[in-house]
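**Student:** What follows is the residue order along each chain.
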Amino acid sequence: MNSRKHSAMIVGLSAAMLAGTLAGCGTSTSAAPPTKNISDITIGTLYAGSGAYATSSLPEYAGLKFWASQADKSGGVFVKALNKKVPIKIVAYNDQSSATTATSLYSQLISVNHVNVLVADFGSVLTSVAVPVAEENKMVLFDQSGTGTTFFTPNNPYIVLTSLPNSGLWPDSLAQYLIGQHYSRVAILYDTNDFDQSQEQTLVSKLKAAGITPVYNSGVPTSTSSYSVLLNNISHANPQAVIEFGYPNNDISFLQALKASGAQYKMVFTVFPGQLPTLFTTSDGPSSINNIYTYPAPPLISHAHVNYGMNSSQFIAAYKKATGQSTNFLNIAGYNTGLIIQKTLETANSLSQLSLRHAVSRFSGTIETLDGKFQINSEGAQTGETLPVGKFTTNSAGKVSVDLLTPLS
Amino acid sequence: MLSSGRTHLRSHRGVNALIPLLLLAAFSLAPLVYANHAVIFQMMAFMVLAQGVNLLYGFTGYLPFGYVGFFGIGAYGMGIGIELFHLPGLAALLVGALFAVVIALILSPLLRLSGAYFAISSLAASEVLYNIVANPALTHITNGPYGESLVQSYHPLTSYVAMVVLLVLTTVLVIVIKNTPFGRALLAIREDPVSAEMAGIAVVRTRTTVWILSALIGGLTGAIFGWHLSVFYPSTVFDLSISILAIVFTLFGGGGTAIGPILGSVVLYGLYNAIGISAPQYFELIYGLLIVLLVLFLPGGVVSLLQRRGSYVP
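From first to last, the protein sequence lines are chains L and Z.
Each residue of the first sequence is one higher than the one before, starting from 8 at the first, in the numbering used here.
Each residue of the second sequence is one higher than the one before, starting from 211 at the first, in the numbering used here.
No wet-lab data here; the hints were simulated from the structure.
Hints may contain errors.
As the list claims (entries may be wrong) - Listing some non-contacts, in silico: residues in chain L with all C-beta distances to chain Z over 10 Å: (1) T62; (2) K92; (3) K215; (4) P228; (5) S242; (6) Q263; (7) T285; (8) G372.
To be verified - Stretches of chain L that chain Z covers, calculated by requiring three or more beta carbons in the stretch to come under 8 Å of a beta carbon on chain Z: (9) 94–107; (10) 136–144; (11) 252–258.
Glycine included, C-beta positions come from ideal geometry on N, C-alpha and C.
With the hints as constraints, model all of the structure from the sequences given.
**Tutor:** Next comes the structure, spelled out in structure tokens:
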């Protein structure tokens with residue numbers, strides 16, 4: 008009897024495990040519809056609804072959704088391969104800022120949802136896991152803001168960086184400005200991540216080429232939030248210019264510590280006030296970015312020769328009307344990604360992924376959006392945009408403005 | 211009486227043999243049923259990690275919050291094997307495993323601690339490992355904060371097969387340990403190390419052995435996972451949530467058994483796949499409630515329901 012019971016249990020357990028494992032994986036969906044039957048263009052993307060990247064990912068995703076809603080209002084985007092306008096549908100999943108979760112979600116978008124266009128989440132970490140998945144599945148990855156130096160390789164045609172230049176190019180104008188101002192004593196503090204350290208390397212190499220060796224150059228973990236001791240060390244080096252490369256939270260903490268220290272330098276530069284000024288003014292008041300140098304980005308600056316999509320002022324007004332929210336750079340980055348996809352669909356002769364990629368190469372260098380000139384190199388990295396150097400000033404009423412100190416591309 | 215005992219023993223052997231075979235069948239067939247192979251791969255990875263945690267926590271009572279340290283080191287060891295030693299992917303996995311074992315040996319004094327002290331110190335150790343790997347001064351070895359890009363060695367099918375093999379072997383290992391004097395010695399150490407020592411069990415040697423085995427499993431999982439990803443940053447493979455998920459899966463299923471961590475991974479990762487992809491906020495709520503209820507009412511995990519009835523649980 009006992010033996011029978013055990014046998015039944017073994018069989019039951021086995022069946023439950025096998026069924027559980029397969030059911031735990033979900034169910035497969037049907038294959039992608041043939042191109043001729045396409046009734047909408049499906050764009051698959053991820054966003055971080057929580058976690059470290061949420062504050063950057065959500066506005067970027069909002070910009071992409073805004074572009075889709077604008078396109079759908081006019082009946083969709085023109086798809087040359089179908090010779091008609093087709094509505095846009097976005098399929099998006101929340102990766103919660105986890106690269107591990109993002110891996111399975113990118114795979115879900117490609118293999119289960121069969122999206123026509125794949126768009127990466129914000130930043131290098133959440134984009135990194137999409138690069139091999141997209142390449143393996145021969146899907147072009149529209150990389151919005153993952154500027155990681157390792158993503159772009161000669162053998163991978165399946166990636167296009169849309170809304171920011173490769174991070175190694177960012178400090179070009181900053182280096183020119185420092186050299187032009189004859190600052191011989193430069194202090195650099197950077198976070199030890201791909202994004203910030205690649206900027207540090209570019210800046211140091213350009214300064215050294217001009218005969219300037221930084222008097223202070225130190226990397227700190229990205230999780231750093233206390234800068235008092237670091238600022239004390241920097242002050243002992245007696246620099247004229249202090250450059251801090253970090254993420255928004257680092258920049259905020261750095262500027263708060265600088266204010267508390269009372270130290271004064273001819274020039275203090277941080278990255279993100281130029282992209283997310285409201286984040287800084289609401290965190291610590293408008294005075295927190297007074298006289299701070301930065302890379303000013305749209306909508307703080309406007310590109311004059313926009314020949315594709317809305318210009319900055321049109322975008323600010325339309326975005327406010329549609330969402331009730333004011334605009335920041337990441338909204339523009341998301342919208343700009345949509346514009347690049349739109350132009351790709353207008354140009355490509357077929358909806359095959361390589362055809363989409365070849366279309367991007369064909370119009371590269373010919374369009375200028377509110378985000379700047381769109382131009383990619385042979386590896387898909389964005390090279391058309393440059394980031395100028397600007398300086399914030401805050402008047403007595405708390406109004407923030409920025410003066411451009413190097414030319415806009 | 212004796213005959214009944216032999217029947218039981220045969221029956222136990224049958225169940226024990228069936229589990230790895232079942233896993234082999236399930237994960238060989240799963241890609242034919244479900245197109246998102248990344249989900250299947252990650253489910254396997256978490257099953258193996260849960261077994262690694264199980265060896266340590268389930269059998270000895272040491273809760274390794276920093277288990278992800280072995281996982282991350284395994285991934286980076288594999289990366290170094292490919293990038294620096296120019297090894298093929300499969301051979302590079304062994305480098306990842308070796309790195310994890312060496313780190314386990316270095317960190318073995320942590321076993322002098324117990325309870326919360328061990329949990330916290332293992333967490334601190336994984337943070338140290340993360341910061342060493344991400345240090346810009348080691349860019350020439352680990353590529354520092356720039357992360358690893360191994361796209362030239364990207365073999366999703368081979369890495370998938372490697373994970374299936376590792377899962378089966380790990381499960382066999384846990385079953386073997388559970389049913390040998392070594393496993394019983396571990397359980398004795400978990401209950402009372404002093405009494406175990408007095409009963410003639412070499413406590414230090416036994417727990418160090420299982421610590422190294424657990425590190426080996428974590429390192430190999432990280433190595434295969436990193437190979438499968440092929441592009442990753444330090445923050446990706448040293449992500450604390452990897453440790454937490456592996457621990458939760460073990461706790462849910464039940465530690466000290468071979469089936470518990472598998473059951474935990476299937477149910478909770480399956481739940482994640484069913485709810486978490488479309489509505490992660492509900493998933494987190496359900497997940498949180500489950501853990502609270504489990505700790506309060508079922509500390510031995512789901513399998514303890516069977517154990518209470520006197521049933522054999524592999």
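**Student:** Hint by hint, note whether the structure agrees.
**Tutor:** Going through the hints against the structure:
1. The claim that T62 (chain L) is not at the interface with chain Z holds, since no C-beta of that chain comes within 10 Å of its own (minimum 17 Å).
2. Distance check for K92 (chain L) against chain Z: the nearest CB is about 29 Å away, which clears 10 Å, and the non-interface claim stands.
3. The Cβ of K215 (chain L) sits about 17 Å from the closest Cβ of chain Z, beyond the 10 Å cut-off, so the non-interface label holds.
4. The non-interface label for P228 (chain L) is inconsistent with chain Z: the shortest C-beta to C-beta separation is roughly 6 Å, within 10 Å.
5. Listed as outside the interface, S242 (chain L) is consistent with that label: its C-beta sits roughly 23 Å from the nearest C-beta of chain Z, beyond the 10 Å cut-off.
6. The beta carbon of Q263 (chain L) is kept farther than 10 Å from every beta carbon of chain Z, the shortest such distance being approximately 24 Å.
7. Residue-level check passed: T285 (chain L) sits 26 Å from the nearest beta carbon of chain Z, beyond 10 Å.
8. Consistency note on G372 (chain L): stated as away from chain Z, and its beta-carbon is indeed over 10 Å from all of that chain's, at 27 Å minimum.
9. For the segment 94–107 of chain L, the stated coverage by chain Z is satisfied: 6 residues place a CB nearer than 8 Å to a CB of that chain, which reaches the threshold of 3.
10. Coverage of the segment 136–144 of chain L by chain Z holds. Counting CB-CB distances below 8 Å, 6 residues qualify, and the rule asks for three or more.
11. Requiring three or more residues with a Cβ within less than 8 Å of a Cβ of chain Z, the coverage given for the segment 252–258 of chain L is violated, as only 0 such residues are present.
This entry does not satisfy hints 4, 11, going by the numbered hints stated previously.
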